[in-house]
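Numbered continuously in my numbering, the sequence shown closes out at residue 218.
Calculated directly from the structure, the hints in this document are not laboratory data.
One should not assume that every hint holds.
To be verified - Under the rule of at most 35 Å between Cα atoms (straight-line distance), these lysine-lysine pairs were calculated in the DSBU-like manner:
id, residue 1, residue 2
1, K89, K53
2, K90, K77
3, K190, K53
4, K123, K5
5, K190, K89
6, K123, K190
7, K89, K123
8, K77, K89
9, K123, K4
10, K90, K53
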Amino acid sequence: MKKIAIVGAGPTGIYTLFSLLQQQTPLSISIFEQADEAGVGMPYSDEENSKMMLANIASIEIPPIYCTYLEWLQKQEDSHLQRYGVKKETLHDRQFLPRILLGEYFRDQFLRLVDQARQQKFAVAVYESCQVTDLQITNAGVMLATNQDLPSETFDLAVIATGHVWPDEEEATRTYFPSPWSGLMEAKVDACNVGIMGTSLSGLDAAMAVAIQHGS
C-alpha cells in the first residue's frame with residue numbers, strides 16, 4: 003500500500019484527500035495538523051478570528067465535496083447561525099459570511115472524508131496538535147520529523163499544504179504589528195490614533211481587530 007503524508011489539514015489538504023479518494027486502490031494516508039482541530043484551516047479558525055471577521059469567498063466559489071457551503075448552512079440550527087449575526091432566510095450563494103462559520107464547514111467535510119476513506123479500506127491517521135519540524139528526501143522516500151514522539155516513518159509522497167505563513171510575532175513591538183496575526187489580535191489597544199498600511203483583507207482584519215475593542 004503506497005504511503006502518503008499530507009502536511010496541513012486546511013482547505014488544500016482537504017481537497018488533496020478528496021482527490022486521493024477518487025482512486026480505486028486504497029492508500030495509507032497520514033495527515034499532520036499543527037492546530038488543535040484538523041480540517042478548519044488557519045484563516046477560518048476561531049483562535050485567529052472574531053465572529054465579526056468575514057471570509058472573502060462565497061459559497062458559489064467553493065468546490066463542493068458532499069454539499070455546497072450554502073446547503074450546509076441551510077442545515078444548521080437557526081440559533082447557531084444567529085450567534086454570528088446570520089439569518090437563514092437571507093442566505094444566498096454570493097454572500098460573504100463570518101470566517102469561523104466557513105471553518106466549521108471545512109471541518110465537517112474533512113471528518114466525513116476521513117470516514118469515507120476508512121470505509122474504502124484506506125488506512126488513515128490524523129495527527130492533531132502535531133507540527134512537522136523537518137522533511138528529508140532519501141533514497142527510500144520522504145522522512146518527516148514532528149514535535150510529537152511518533153515512530154520514524156518514510157512516505158512515498160508528501161504533500162506540503164502548510165498554507166499561510168505570517169510574519170514572526172517577534173518582529174512586533176508594542177506599537178508596531180507587521181500583520182494582524184503577529185500579536186495584534188491579542189493586544190490591548192487603547193483609544194489612540196491608529197495607522198493601517200493597505201486596504202486589502204488583511205488591512206480590514208487589522209481595522210476590525212482594533213474596532214471590536216472600542217464599541218460594537
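For each hint, the structure was consulted:
A C-alpha spacing of about 14 Å is found between K89 and K53, which places the hinted pair at or below 35 Å, so the restraint holds. A distance of roughly 9 Å separates the Cα atoms of K90 and K77; the hinted pair therefore holds under the 35 Å criterion. About 18 Å separates the Cα atoms of K190 and K53, which keeps this hinted pair within 35 Å; it holds. With a CA separation close to 14 Å, the supplied pair K123 and K5 stays within the 35 Å bound.
With a C-alpha separation of about 31 Å, the suggested pairing of K190 with K89 holds against the 35 Å cut-off. Proximity of K123 to K190 is assessed by CA-CA distance (about 50 Å); at most 35 Å being required, the pair is judged violated. About 40 Å separates the Cα atoms of K89 and K123, which puts this hinted pair outside 35 Å; it is violated. Note on K77 and K89: the hinted pairing holds, with a Cα-Cα distance of about 12 Å set against a maximum of 35 Å.
The hinted pair formed by K123 and K4 meets the criterion: a straight-line CA distance of about 13 Å does not exceed 35 Å. Note on K90 and K53: the hinted pairing holds, with a Cα-Cα distance of about 17 Å set against a maximum of 35 Å.
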